[in-house]
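**Q** Each chain is listed here by its residues.
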Amino acid sequence: MGLRPNIRVLRDMKARQGVLDNEVTRRAYLFVARNQNLPPQIRHQAQLQLNTFGRYTRPTTVKNRCYASGRGRGIMSEFGLCRYQFRLKALAGMLNGVKKASW
Amino acid sequence: MSVVPPSRLAKLTKLRCNIFQTVYNPTGIRTGAKYLRARLRGPAMMSYYPPTLNISRVARMYPELELVDEDEEQRLQDIEDRKKRGKGAPKKAKTKEDGRRNQRRK
Numbered sequence: 001m002g003l004r005p006n007i008r009v010l011r012d013m014k015a016r017q018g019v020l021d022n023e024v025t026r027r028a029y030l031f032v033a034r035n036q037n038l039p040p041q042i043r044h045q046a047q048l049q050l051n052t053f054g055r056y057t058r059p060t061t062v063k064n065r066c067y068a069s070g071r072g073r074g075i076m077s078e079f080g081l082c083r084y085q086f087r088l089k090a091l092a093g094m095l096n097g098v099k100k101a102s103w
Numbered sequence: 001m002s003v004v005p006p007s008r009l010a011k012l013t014k015l016r017c018n019i020f021q022t023v024y025n026p027t028g029i030r031t032g033a034k035y036l037r038a039r040l041r042g043p044a045m046m047s048y049y050p051p052t053l054n055i056s057r058v059a060r061m062y063p064e065l066e067l068v069d070e071d072e073e074q075r076l077q078d079i080e081d082r083k084k085r086g087k088g089a090p091k092k093a094k095t096k097e098d099g100r101r102n103q104r105r106k
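Here the protein sequences line up with chains X and W, keeping their order. Be aware that the first sequence starts at 1, since it is given in full-length UniProt numbering, and climbs by one per residue. Be aware that the second sequence starts at 1, since it is given in full-length UniProt numbering, and climbs by one per residue.
If you are wondering where the hints come from, they were derived from the structure by calculation, not from laboratory data. Don't take every hint at face value.
[As the list claims (entries may be wrong)] Here's a subset of chain W near chain X, in silico, CB distances under 10 Å, partners left out:
id, residue
1, C17
2, Q21
3, A33
4, L40
5, M45
6, M46
7, P50
8, G88
[Stated by the list, open to error] In silico SDA-like pairs for lysine to any residue, Cα to Cα no more than 25 Å straight-line:
id, chain 1, residue 1, chain 2, residue 2
9, X, K14, W, R57
10, X, K14, X, A28
11, W, K34, X, H44
12, W, K34, X, T52
13, X, K63, W, M46
14, X, K63, W, P51
15, W, K34, X, G70
16, X, K63, W, Y49
17, W, K34, X, Q49
18, W, K34, X, G74
19, W, K34, X, L20
20, X, K14, X, G70
21, W, K14, X, N35
22, X, K89, W, P51
23, X, K63, W, K14
24, W, K34, X, L50
25, W, K34, X, R34
26, W, K34, X, F31
27, W, K84, X, K89
28, W, K34, X, K89
29, X, K14, W, L53
30, X, K89, W, A59
31, X, K14, W, A59
32, W, K34, X, R43
33, X, K14, W, K14
34, X, K63, W, A59
35, X, K99, W, K34
36, X, K14, W, S56
37, W, K34, X, G97
38, X, K63, W, P43
Cβ atoms here follow ideal geometry from the backbone N, Cα and C, with glycine treated the same way.
Using the sequences and the hints, build the whole thing.
**A** Rendered as structure tokens:
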């Protein structure tokens, strides 16, 4: 992380924490709601319970952002950096095994 | 080539399920097992961002050190100065009618 994480990174951290905290219960409700062997009423109840979970408990709200700049697009997942930070760090020799191509 | 009857194929599948300890589910009914089988993703998600250290966090962790966050002090001081010059943030509206949106409309 750079000097200080921006609000989008903070929100993403919050989402990650929420996913971690609620993952087991959400999975249990998902199992009940998607199980066709169970009576429809119980499945419906489980689905209603799933809907009560907050926004930042769903794994889909988590987005990998650049850990140096907080940018959300153009992330190289191997390094967790956006394309510009990747370039800067690679040219500075901070990424092992990364070399500028020339032919 | 002789045709194998479906009942025998079903028996074969059942036996295979027995041997490999999988659930025999010939109709393909959804059991929701995949939500239980999948690995938990939370711990890996939490380790994405490298841990950061800043003064305010250290100060909160060790109150006995009595560290002073100079940036924070400066910020609070600036707010005080601005308030003295009458440039502070407006008071929070008590009711919705007092809100800025309604004032503008009048």
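**Q** Each hint should be assessed against the structure and marked as holding or not.
**A** Okay, the hints, checked on the actual structure:
{"no.": "1", "hint": "C17", "result": "16 Å, violated"}
{"no.": "2", "hint": "Q21", "result": "19 Å, violated"}
{"no.": "3", "hint": "A33", "result": "8 Å, holds"}
{"no.": "4", "hint": "L40", "result": "5 Å, holds"}
{"no.": "5", "hint": "M45", "result": "5 Å, holds"}
{"no.": "6", "hint": "M46", "result": "5 Å, holds"}
{"no.": "7", "hint": "P50", "result": "6 Å, holds"}
{"no.": "8", "hint": "G88", "result": "23 Å, violated"}
{"no.": "9", "hint": "K14(X) to R57(W)", "result": "17 Å, holds"}
{"no.": "10", "hint": "K14(X) to A28(X)", "result": "22 Å, holds"}
{"no.": "11", "hint": "K34(W) to H44(X)", "result": "19 Å, holds"}
{"no.": "12", "hint": "K34(W) to T52(X)", "result": "22 Å, holds"}
{"no.": "13", "hint": "K63(X) to M46(W)", "result": "12 Å, holds"}
{"no.": "14", "hint": "K63(X) to P51(W)", "result": "17 Å, holds"}
{"no.": "15", "hint": "K34(W) to G70(X)", "result": "33 Å, violated"}
{"no.": "16", "hint": "K63(X) to Y49(W)", "result": "11 Å, holds"}
{"no.": "17", "hint": "K34(W) to Q49(X)", "result": "19 Å, holds"}
{"no.": "18", "hint": "K34(W) to G74(X)", "result": "32 Å, violated"}
{"no.": "19", "hint": "K34(W) to L20(X)", "result": "19 Å, holds"}
{"no.": "20", "hint": "K14(X) to G70(X)", "result": "14 Å, holds"}
{"no.": "21", "hint": "K14(W) to N35(X)", "result": "21 Å, holds"}
{"no.": "22", "hint": "K89(X) to P51(W)", "result": "19 Å, holds"}
{"no.": "23", "hint": "K63(X) to K14(W)", "result": "43 Å, violated"}
{"no.": "24", "hint": "K34(W) to L50(X)", "result": "17 Å, holds"}
{"no.": "25", "hint": "K34(W) to R34(X)", "result": "10 Å, holds"}
{"no.": "26", "hint": "K34(W) to F31(X)", "result": "8 Å, holds"}
{"no.": "27", "hint": "K84(W) to K89(X)", "result": "45 Å, violated"}
{"no.": "28", "hint": "K34(W) to K89(X)", "result": "40 Å, violated"}
{"no.": "29", "hint": "K14(X) to L53(W)", "result": "17 Å, holds"}
{"no.": "30", "hint": "K89(X) to A59(W)", "result": "31 Å, violated"}
{"no.": "31", "hint": "K14(X) to A59(W)", "result": "22 Å, holds"}
{"no.": "32", "hint": "K34(W) to R43(X)", "result": "16 Å, holds"}
{"no.": "33", "hint": "K14(X) to K14(W)", "result": "46 Å, violated"}
{"no.": "34", "hint": "K63(X) to A59(W)", "result": "30 Å, violated"}
{"no.": "35", "hint": "K99(X) to K34(W)", "result": "42 Å, violated"}
{"no.": "36", "hint": "K14(X) to S56(W)", "result": "19 Å, holds"}
{"no.": "37", "hint": "K34(W) to G97(X)", "result": "38 Å, violated"}
{"no.": "38", "hint": "K63(X) to P43(W)", "result": "15 Å, holds"}
Violated hints for the displayed structure, listed by number in ascending order: 1, 2, 8, 15, 18, 23, 27, 28, 30, 33, 34, 35 and 37.
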